[in-house]
Every structure is written in C-alpha cells, then in structure tokens.
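Student: What follows is the residue order along each chain.
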Amino acid sequence: MNLPQISEAISPAGIGQAMFELIADLYPICRSITGNGVRQTLKRIQQVVPIEIHEVPSGTKVFDWEVPDEWNIRDAYIKNAGGERLVDFHHSNLHVLNYSIPFRGRMGLHELKEHIFTLPEHPDWIPYRTSYYKRQWGFCMTHRQFMKLRDEEYEVCIDATLAPGSLTYGELCLPGRTTDEVLVSCHVCHPSLCNDNLSGIALAAYLARRLSEQGRRYTYRFVFIPGTIGSITWLALNRTNVARIKHGLVVACVGDSGRLTYKKSRQGNAEIDRAVQHVLKHSGSEYEVLDFVPYGYDERQYGSPGFNLPIGSLTRTPHGRYPEYHTSADNLEFVSSEALAVSLDMYQRVLDVLENNRRYRNLNPYCEPQLGKRGLYGPVGGQADRHLREMALLWVLNLSDGENSLLDIADRANLNFVHIRQAAKDLEECGLLEECQG
Amino acid sequence: MNLPQISEAISPAGIGQAMFELIADLYPICRSITGNGVRQTLKRIQQVVPIEIHEVPSGTKVFDWEVPDEWNIRDAYIKNAGGERLVDFHHSNLHVLNYSIPFRGRMGLHELKEHIFTLPEHPDWIPYRTSYYKRQWGFCMTHRQFMKLRDEEYEVCIDATLAPGSLTYGELCLPGRTTDEVLVSCHVCHPSLCNDNLSGIALAAYLARRLSEQGRRYTYRFVFIPGTIGSITWLALNRTNVARIKHGLVVACVGDSGRLTYKKSRQGNAEIDRAVQHVLKHSGSEYEVLDFVPYGYDERQYGSPGFNLPIGSLTRTPHGRYPEYHTSADNLEFVSSEALAVSLDMYQRVLDVLENNRRYRNLNPYCEPQLGKRGLYGPVGGQADRHLREMALLWVLNLSDGENSLLDIADRANLNFVHIRQAAKDLEECGLLEECQG
Amino acid sequence: MNLPQISEAISPAGIGQAMFELIADLYPICRSITGNGVRQTLKRIQQVVPIEIHEVPSGTKVFDWEVPDEWNIRDAYIKNAGGERLVDFHHSNLHVLNYSIPFRGRMGLHELKEHIFTLPEHPDWIPYRTSYYKRQWGFCMTHRQFMKLRDEEYEVCIDATLAPGSLTYGELCLPGRTTDEVLVSCHVCHPSLCNDNLSGIALAAYLARRLSEQGRRYTYRFVFIPGTIGSITWLALNRTNVARIKHGLVVACVGDSGRLTYKKSRQGNAEIDRAVQHVLKHSGSEYEVLDFVPYGYDERQYGSPGFNLPIGSLTRTPHGRYPEYHTSADNLEFVSSEALAVSLDMYQRVLDVLENNRRYRNLNPYCEPQLGKRGLYGPVGGQADRHLREMALLWVLNLSDGENSLLDIADRANLNFVHIRQAAKDLEECGLLEECQG
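Chains as they are written, first to last, in this note's numbering: chain R, 269 to 706; chain P, 269 to 706; chain E, 269 to 706.
The following block holds chain R by itself, in its conformation from the complex (with noise of 0.2 Å):
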C-alpha cells in the first residue's frame, strides 16, 4: 500500500492542528445518508490516508433494511413577498430538514409554520433536523428568525433530487501480522456540525495514518460510513467477515472540551472494554464509564444479538448531553486541536495496549529468579523509578503463570499497562519468561 506523499512529517505537537484543518475543509459540505456531500468527504480522506470508496445502490436489500434513494441538494431558501431570501441553504446547509423532498411553492405563514422547525430554548442557533424515511420537507432557522416572521406570502424552494443512485462509504484496511481485526468505526452522515461527526472522521484518518506508519500485530479495519443505515449496509455486505473483529472503537464527538468517557460494548467486560478502562484509569485526567445500552452510535448495530461484537465507543462529551449538540453551535469552534490530539493519544495507547496484550509463561516459576545477577535488580534510574520497575517485574514474574494477560497483571498490580510491558520484555530477553501461544 502506498500512501500518498507529505511532504512535511506531521509532528505530535502538529497532527492536533492537522486534524482540525481536516474538519475546518469537510465544514462547509452538505452531508446526508446518501448523496455527493459524502462523496465529496471521503475525497477529502483520502488526502489523508487512502481509502477505498464504496457504491451500494439504492434498493439493496440489506437485513431488514433497504438502501434509500440518493438525496442530493444544490439550494433552498424562503424568500419573502419583497423577493428577498429570509432563509438561505447557501448561508448554513443546517437551514434545511436533512433529506427534504424537492418542492417548490408559494403559502402563507400559517401554512409555511407546519416546515418550520426551531429551538426556543436557544433562540439563535439553528437545529439540526432529519427525516430520512418520512417524506417530507422543512426547513430549521433560529428562533429569532422565526419569531420576526410576518403574516406575508412566501416562495419556498428546495432544489433538490431524491432518486435512485446508491450508499457511499469508504473503507481502509491495513493488513497485519494475524488476520484478526480491529475494527474503527465513525459516521460521515453529519452536515455542517463539528464535534458530531467532523471530529471522529478527523481521529479516524489521523490513527489510520499512524497505524500504516507501523508495525501491527492486528489487521485494522477503517470504516467511514453513514450511521445506522450505513452500518448496517456495511454488516450485511460484510456478515461473514466479522468474525474477524477481535475488537473495536466507535469514535464520534472527540473535538470538546469535554472529559473522556467510555461506552463498553455489549459484552461489558471484553479486552477492548478493558483496554480503554485501564489507559483511562492511568491517564490522570477526569473520565467516566458507561454501560452499554442499545441507544447511541453504530455501537448499536455492532451491538445487535446476532452480532455482539466486542465493540465500545470512546468519546469526549457523549451525544446529547450537551446543548451545542445537533445545532448549528456544533461549529467550528466548539471544537479544538488540543482535545483532537489529547482523544487521538488516548485511542493511541488503547491500541498499544491491544497490540502488546499477551500471555507469558514464568520459566521459573518456583521461587523468585535472582533478578541481581541478571542486572534487572537495583540501580536502574532514580528510587522512585527503581522501585516501580522491580513491582513490574515480580508481578509479572508472579502472575504469569500462562492465565494473566499483561492488562491482567497491570490491572491486578495497580500498574501502568506500558511498565509491565517493559517488565515483560526485560525478562523475556533474559530468557524468565516466554510467549504463551494461541
């Protein structure tokens, strides 16, 4: 696989930054479950790392579903009886009901209030507003705007298709040492609303281009889809490979400011859920855990009883829990480069945790080796250090008894997953301990 060239490294302290420019291009596109808008944004990935995109065509029966017609949009506005455009698509892609019918016509403000859809609470922010399998027409505006509205003929106008054509998503594999996946989901359905979805299309690019710059014991598996029906279109496609998935990641709403916060997949207590809880645990910062529950993200899907993957989601503030979310206030900046690259790190170690995660065998398992005379004993590094160091060692000599995993050992000893890592290696390189296999 060749990625395409850059010609400047992107430095840690740079990829936060790069990340949000990512979002800063994809903000002004009109995205839907269908249509150009995506087309245009997997393009846009591509830039990044290389994804391959897919065409699913309108019809394709996928379980209990079927893929939509293709909603496509090139303007929409109010005007009013003076002919001037009181509310305009080309001001904001939000102004419009996501998936309207074309339409066109002329009403009054009584007739034209049943389109109209606002957030009282939030007078000057517009709200996002969908309606993908109702066919209807609206359009979303400020409070404010709506209220100043006057009892006046006005010419609608939503120039847009709503016909056959297909699915877009975008896929990216990175191949491994072993065949079993780690599966990286995010949604690209989302116009122009930043922290939901910009941010986790932006993370998913970023740790897909880390990845391919590695090493990888696992195959990586990217996927950048329209939600629900873009999940489940990808599940039906893919129903025979998912056994493959060992583990996997819904990222969404990664830009906040926000503290991390970990939905464990439908298994509640699978490695990935562990893995995330351990790097949350030893980050120093603030998080929460949440149980599953069959509302949210694509999770959902992944989640369902016929597939119950291991799958969780790790995000900053969850949806709908803040007020900016599903409003035109989702901008640009409500979301910064510095919590990007702090969720990119964090997603970061969690992998580094599944990729080292393994089993090993005490080859002296009776008594404690003399760690002295192997120079693993003693003056290594300050006090402090030494004696984290020697834990590590003896809890991975005492707990590696071809049972503990190393996420076992490190959350049994209260240690950081990356210290008994090291103890682990350290001993296995002079030969007290050796690789379970399978």
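None of these hints come from the bench; they were simulated from the model. Don't be surprised by glycine CBs; every beta carbon is placed ideally from N, CA and C. A hint or two may mislead.
What the hints assert, rightly or not - Computed list of lysine-lysine pairs in DSS-like fashion (alpha-carbon distance at most 30 Å, straight line):
no., chain 1, residue 1, chain 2, residue 2
1, R, Lys693, E, Lys329
2, R, Lys402, P, Lys402
3, E, Lys329, R, Lys641
4, R, Lys402, R, Lys416
5, R, Lys329, P, Lys402
6, R, Lys329, P, Lys693
7, E, Lys693, E, Lys549
8, E, Lys311, E, Lys514
9, E, Lys549, E, Lys514
10, P, Lys402, P, Lys381
11, P, Lys514, P, Lys329
12, P, Lys693, R, Lys381
13, P, Lys381, E, Lys641
14, E, Lys693, R, Lys641
15, P, Lys693, R, Lys402
16, R, Lys514, R, Lys693
17, R, Lys329, R, Lys311
18, P, Lys402, E, Lys641
19, E, Lys693, P, Lys402
20, E, Lys381, R, Lys641
21, R, Lys514, R, Lys311
22, R, Lys693, E, Lys402
23, P, Lys329, E, Lys693
24, E, Lys641, P, Lys329
To be verified - Below, a sample of chain R positions facing chain E; criterion: calculated Cβ distance under 7 Å:
no., residue
25, Gln404
26, Trp405
27, Gly406
28, Pro633
Chain R is fixed; fit chains P and E onto it per the hints.
Tutor: Just chains P and E now, with coordinates in the frame of chain R:
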C-alpha cells in the same frame, strides 16, 4: 370452581376497607395452633374465597414433630377475695397464656405471681404469650393491673380442654394454564392480634379472590395454617407435591404504617427474590431488603435444607421490630385499610411480574429492525413517553437472545417491568419476537 | 516428642512476658542470612520448643539461587586519628553493613564517606543495611555522628569472614491426626531489630509450644529461616512435600502497638484467608486486610506461581509502614508483652478455626427438628445468650447441607465461629448432625 356471589363488586378503592372489615370480624376470636378459633376463622374466610378446611388428627407424626392435642377454651379469670373478676378472658383473650392447661384453684399472691406475665416497659399493654409444648398455665395482664394486686387469696380458673382432636388448616388451589405453582402462605394461630397475623390472612384472602377472577399462567396455592406446626404438617402431607412450587411468599404484618420489607428466600437470588426487589425498586417508596435468616415465620420451614423452596416473605415492619408486636397494642388501630390496600397492590405487581416473565428470541437479530415502517417508532404519546417506549423496544430487541428473561431485561435497562412487557407484546405482535419454549 | 521440662507453667497472662524475655535474650545477637548468630538464635529457641537445626552447605544450588558463603563477624570499628573508636560494632551490630566483606585500612573522610549510610530524617537512629550479593563493605551510623566527622585520617576495621560454610535454619514438625499441614514461617536473619524479626520468632516459638500441648487435627510445621534465601532453600529441599501444606502464615512484626493487618495469600480466597478475616472481624478491634502483592516477606516465595501455596501473613504494622522499621529504633521499647500476647491469641484463634472447620449434614433436613424435646431450646443462660445460641443452632441446621463448612455458616450468619462450632457440637451429640467425610 364457583365463587360465592357477592352482590357489590369490590372496587380497588374499597378493597382496603373490605380487608379491614375481615380483620375486624376475626379480631375477637381466640385462635391458637389448634381448636375452634381456627375453624371459625377459616369459615369467615370462606365468605371471601372458597377455601377447603382440612383436619389432621392429634398424634399424627409430621417429620420430627407430632400434631399436639387440641386446645379449646371457654372461660378464664382471676377473682379476688371479694369475688371480683380482676382478669377476665372475655375482656381479652390475650389474658390467658395460649395453650394453658385447664386449672382451677385458690392461692395467695406469692404463688399466683409465678403464673403471671406483664410488660413493665409498656405498663398498659397485655403481652401475648404461648406455651404449646411445655404443659403449664398462666395469665398475661397489664403491668399496671399487676402492680395493684394485693396480698390476698385469689380464685383462679382456666376453663379449657387440651385433649386429642385435630389441627385445622385451610387451603385453596386456583388452577392455572400450567401446573407450576405459586404458594402464598399465612399463619392463622394468633388470637386478638391485628397486624400479626390478621393482616396476612386478609391480604391472602383478597389476593386469592382477585386471582380467581383473572386468567392465570401459574397455579396458585393459598394455605392458611397455624405457624410452625402448621407448615410442618402441611409440608409433611404434601411432601411430594412441593416440587411444583416455583415461587412463593409468606404473608404477615402487612397492615401497619411501616415501609415494605422483603426477606429473601434461602436461595437468595430466585426469581421471586428478583421480582419482589424489582417491584419495590420501581414502587417509588422507601423499602428494605433483608437476607434470609432461619428465623421468622414459616419461610423457616419452606427454606429448610431438605426443601429449599424459593419462598420469601414480603411484609411491612418485620416481626419483633415494632414495640406493639405480640401485645394488645397490635389492635385495630394499629392497622389501616390504606396500608392493607397498598400491600395488596404490591403483591399483585409481584405476581404480575411472575405471570409475564418470559424469555423471547429476537427474530431479526442482525442489526436493529426498522421500527418506523411498523409504526413502532415515533409520534405516540408525549416526548418523554415516546423515548421510554423506544428505549424499552430497543432493550427488548437487544437482549432477547433466548438467554435473558423480561425481568433480566427490565433490571439491566433499569426500566419498569410493565414497560418492558408492553414492548415485548408490541414486538411479538409485529413478528419481530417469538417466545422461547421451556 | 519430649518437650524440655519447664518448671513453671506459662500462664496465659505470663506468655506475653515470656515472649518478651525471649526477644530480650535474642536482641544482642548479630544475625545475618548465615553464620553463628543464626545458630545461637536457634539454640535459644530450643529452650522453648525442640526445633531441629539444619545446615545447608554454601554452594548448594537452590532453584535459581545458590547458598552463599557464610558470614561471621567478630569486631568492627572506625577509629579517628587519635585512636578513639567513633563507631563500634560492640555498641550496636547495626553499625556494620550486614554481610560486609572483611576490610582493614586507613583513609581520609572523603573516601570513608563512600562507605557510610545514615538517615538524615532521623538523625539519632542507625539504619540497618545489607549487601548480601554485592561484595562491599560499609558502616551505618546516626546522622548526628556522621555530621561530627572531621577531615582527618581514619582507621577502619571489619574483622569478619566470608567463606564457605553453611546456611542454618530450624524446623519443628508437630504431627497431627492427619498429614495435612499448616506451615508457620518466620525469618531469623535480622540482627538487633525487635519487631522485625524477633517478635515473629517469639510468636512462632510460643505458638509451637502451645500447639505441642494439645491434640491436633493438622500436622504443624514451623520453620525458622533466613529471609528469601532461607525460604528458597527450604522450598528447594522440600519441593515434593509442600503439596501437604493446606494453610500457612508468615509471622513478622507482631510486637508493635499498631493494629493487626492481614495480607492475603496469592490465592486470595483460600480457607486461611477467610479464617483470618473471620477472626479479625469478630475480634472487636480495628484491623486491615491487604491484597497479596509479590513483595514483602517469604510469602513471596511460597506464593510464587510454581507453588501458589495458601499462605498469608498476619502482622501488626506491616514492614516499611513504621518509621522505626529497619533502624535502631526498632528496639526493645518498640515492642510490648501485651501486644505480643494479643498477637499470639489471634494466631491461636485462627488455628482454632482451621482445626474445627468441617462440613456437616443435617440428618433431619425436612423442616426444623423440634429442639425443645432435646433440651436445646429455652432456658439456658441469659436472654441474649439464649437467642444467640438458638440462632447458631438454627443456622447450622439450615446450612448443613453438605456444602457449607462451619466457617461458611459463621460468615453467612455473621456469628462468631466459636458459637457456630458449639452449636454443631450440640447438634451432633443429639444425633441431628453428622460430619461429612472427605
């Protein structure tokens, strides 16, 4: 089975009153573990539900015990030297040590005192005392009465008989669609004491009446038995039948104003234990849950290791925890129709869980089904109701993998069983769910 | 086995004093992991119990280790230019770095300082330091002494030998009715330090003496060994015998005034872990329970994955948690006969649980037996005692289904093991209970 005709229907509002009236009718009767008081009591219960009355002869071996001689009493008094009845059985049947042997005699205060029981800490209350297996006679009186006794000669009379006869109990079986049984047991051996045990009798009788008027999945067996020797006798006579008992409750102390208290079955995590705790948790009222201890009411016998039946006990303030317990202060003022009605309602909710707790299989287990096209999604009821309804649907779909019962799902979702049950019904009706057999 | 005759019986009140006197006798001896100090120590212990003394030659391979050369010391000092002994081994054997190589020489302060250890934060205490496996010499002194050293020439002498010899340890086996063993292990390698380790030696010696005077279900094995290399040596020599060890405790730090602290075995929920926690819970005193960590005393070796023996450690303040630890302040004033006696009593209670913990089968499992006709119910002792006794009887009957041990029952009933044990004895005597075999 033909229920006796009752002209006026008992309305939900009136049922507490009906229970209270039953208690008031039974209050004056002098009951014990055998004798005519129990027979009279059971006859009055037959005016509510058609229980069968059983007689077990004295001397019958029942496990390690033997049915004792039958005790009946007509009169009892202590007269002073002036012939005045200072203590009179006809004022309160608590005045006589329950199961006193017949006695007539004259004696001084010193000798009489050996046979008198009082409660110095509650000088106006008469204690309730028994001596079923040690042959003795005695009187109970208020401490205030006792302090007034002068050193004179007293005439003492206990006009009772203790002779071969039988132990009497009542039983009602309401057949259901299955032969699996739910046992509801209450004791009928206490004389003029309202909360312990008349409230339990009243609840059991009216619960049976309610159940007799509806369709039943389970067969319900109600037993009205003297405590300890009664349950031991019943278990001895029904030893092979008890395997049919899948759930059960011992009813007692359900008329006072205290909070509801559940004492778990010996098994501790039986379906009845989980059902009661679910109902109490969602009742909106304070409640308490206690672990099983081999002390208390007849759950001691049902929970002996040879039987180990899943039978708990749902009460209000447990026995021994209120000062009025086993005294004349456990009278008609100590119980209320309101408390009785609420207790009955709680029992009904528990049985409703048992009746409707099943396991289902999601017939569309791969990804969520499209609820919208089946009219299960969207504008039904208010916004909050709608969200609750959707969550219930999603939880039932997600966890109906043949393993989880509806109660499991309700507990994991932290939703009221009635919502989960309704969701299952709706999903079954549109073919998305099928009940698991066996 | 003939115990040495001791003219005066050691009364329970006097046993703390006897333990303290043993500590006082052993205090001046300079012990290390090998050498005559250990031999002298074991000889003094033989005045309490007839332990056997074993010698293991230097160079013997013991798992990953080798028995080191034997160290003996006669004298050591630092003289100033005036010939005055500033530091003198005969004042405190802590002054010498334990296992120092022999050395004689003259040097200035600058060079001397490289070989001196002090505790600046406790300027009047001498630290205890060792260098078993790195060949070096050194002195420990108070920081106040150290600060007074002037820049002059010093004469340094360590009159020691480090040469092939042997490692010495003591062992006592008290045979029981079964060959299943309880191991009690303490280390004997510390010089003039009272809590760590003389208190452990004293407790083990007097516990052995007590056990030798009573009937025993278990065989008890006491080992008095140098830390780490001693337990490794003992395990290497007894590799096949350790399968007999069913329970064990490592004794140390039992003479200070701190609360009792139990460090669980590696297994974490072994019978010894539950027995100690039961006794501590019912002791009426504050205590602490710690999870196993592969650091500490010889439980590290017993709990290595190849052995994984159910051996915990019951101490007062754990090693390293009191500032006097491994300093000259861990002296005779730091331990007390009262603390020692209470610690011994706690060990005895634990062993009493192990000795009497059995499973029984209720021979009358259907309903409760009639306790009254067997004299087990009613007027014995006061009201509170009577209730406790009845509850113990009912719990033992209820849970003796062949699955639960008396300790299981005591824990579930939240009653002291001694009451549960008595109830089982009473029930067994009247034929209601029989012991389960195997």
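Student: Which earlier hints turn out false for this structure, listed by number in ascending order?
Tutor: When the structure is compared with the hints, numbers 2, 5, 12, 14, 25, 26, 27 turn out to be violated.
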